[in-house]
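K.L.:
If you want the building blocks of each chain, they are given just below.
Protein chains: 2
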Amino acid sequence: MSSVLPTTLLHNNKLLVGENSSMADQTVKSTNITAVESRVTLQDRIKRGGHRGGVLWFTGLSGSGKSTLAIELERRLFNIGYNVYVLDGDNVRHGLSSNLGFSPEDRTENIRRIGEVSALFANAGFIVIAAFISPYQADRDRAREAAGDGFHEIHVDADLSLCESRDPKGLYQKARRGEIPEFTGISAPYEAPTSPEFTVDTGAMDVDKSVTALVEYVAENFIQQQE
Amino acid sequence: MSSVLPTTLLHNNKLLVGENSSMADQTVKSTNITAVESRVTLQDRIKRGGHRGGVLWFTGLSGSGKSTLAIELERRLFNIGYNVYVLDGDNVRHGLSSNLGFSPEDRTENIRRIGEVSALFANAGFIVIAAFISPYQADRDRAREAAGDGFHEIHVDADLSLCESRDPKGLYQKARRGEIPEFTGISAPYEAPTSPEFTVDTGAMDVDKSVTALVEYVAENFIQQQE
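Line by line, the protein sequences are chains A and B. The opening residue of the first sequence carries number 1 in the working numbering; numbering runs sequentially from there. The opening residue of the second sequence carries number 1001 in the working numbering; numbering runs sequentially from there.
Everything labelled a hint here was simulated from the structure, so no lab data went into it. You may find that some hints are simply not true.
To spell it out: a stretch of chain B is covered by chain A in this simulated footprint if at least three of its residues, at any positions, have a beta carbon under 8 angstroms from a beta carbon of chain A; those stretches are [stated by the list, open to error]: (1) 1064-1075; (2) 1084-1090; (3) 1121-1127.
Dumping the calculated SDA-like pairs for lysine to any residue here, alpha-carbon to alpha-carbon at most 20 angstroms [what the hints assert, rightly or not]: (4) A/K47 - B/R1048; (5) B/K1174 - B/N1221; (6) A/K169 - B/S1038; (7) B/K1169 - A/R39; (8) B/K1169 - B/P1181; (9) B/K1047 - A/G81; (10) B/K1047 - A/G50.
By construction, the Cβ of each residue, glycine as well, lies at the ideal position given by its N, Cα and C atoms.
If we strip away everything but chain A, and leave its shape as in the complex, we get (with noise of 0.2 angstroms):
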């Protein structure tokens, strides 16, 4: 399609009509009820965007990089033409999981929740980058199941040593003092994948190179076959 749709098009566009409808075996009152199309399938987004949806589970511990990769990914990925989107705290935890904390019950509610995100913006033709802590493996199991065949756990890997002494956010020496409670690493379990489809060691590789390599990795798995 052209980066701007014509107007014209929208109102004179034609329309194939198909048998496949709820409404077409239904007694209703008004006359003249037409069925057009049945919903429009993952293939037909698939064929319109050129690659595959599916999730791409970014998992490691605070300050691990899982947000900065994400988003430069995403970047990346956008840029070359893929339809792609970024979840994580910012746009998750003061919206579709502002009622939950960070208890054991409520990360893995939290965790549920974005799964099934996850799952309907694959179902939409997206790659979603989800780029959560995620501790839990169970949890991410359950992620898994939900997005079906297109779920890619990625490992974002660094030694806590490392993550703590980035801090960003100075959130390891807040918990360090007690002063968060349940936190990942410090006070709260990381249970690291033990079989994810792909690794990225972020304290041996730099931003840019760790990007390079997803990026081929999406290439390698998004990208339907032509031959």
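Use these hints to put chain B onto chain A, whose structure you have.
P.N.:
The following block gives chain B in isolation, referenced to the frame of chain A:
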């Protein structure tokens, strides 16, 4: 973009290097940290997609035609080239809201979550068609607040008697027999919108005409003016 991304482009993509990165001012142990770009903005997405993002919030009684209209409208808009996605009971009640029932509190939380997810999709440049009974005005107002500017309340209007005569899933019959508690219109209230942006009277207009009216409404409200 073309319908299939050339994979060569993916590996040779040139990048613009900017200053805006949350990692740029962090002390990190790895060397040569390169901040590339900032988060993809809604404006970037609008430029790519050729239309605004936003929410078409369909509200109406069970059997008023919300889902049918939503799915037909999605198909029409998709075929024209819009980025569009339907949220309805089919893809929300078994996932995101699977841990909610139909009490007033649970309905409110259900609509709250859907409102937040709609806002995320709108922020990703999509036109979201949210098709839910959503009987309470306060809940719809909260969804409007979550979405911001691009929220359009669409009343899918049909008399209770008409909806009951359609009764595609036999729900009204069950509700009349008392087998479904808190059924909107029978044993639970429906608060019709006080000032919806648009009303579709599915008792007076057939599906095809209703969808055509909605396509025109979308063109008027979601296409960027050129002059």
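K.L.:
Hint by hint, say whether it matches the structure.
P.N.:
Hint check:
{"no.": "1", "hint": "1064-1075", "in the structure": "holds (count 7)"}
{"no.": "2", "hint": "1084-1090", "in the structure": "holds (count 4)"}
{"no.": "3", "hint": "1121-1127", "in the structure": "holds (count 4)"}
{"no.": "4", "hint": "A/K47 - B/R1048", "in the structure": "holds, 17 angstroms"}
{"no.": "5", "hint": "B/K1174 - B/N1221", "in the structure": "violated, 40 angstroms"}
{"no.": "6", "hint": "A/K169 - B/S1038", "in the structure": "holds, 19 angstroms"}
{"no.": "7", "hint": "B/K1169 - A/R39", "in the structure": "holds, 19 angstroms"}
{"no.": "8", "hint": "B/K1169 - B/P1181", "in the structure": "holds, 16 angstroms"}
{"no.": "9", "hint": "B/K1047 - A/G81", "in the structure": "holds, 12 angstroms"}
{"no.": "10", "hint": "B/K1047 - A/G50", "in the structure": "holds, 18 angstroms"}
Violated hints amount to a single one, hint 5; each of the other numbered hints is respected by the structure.
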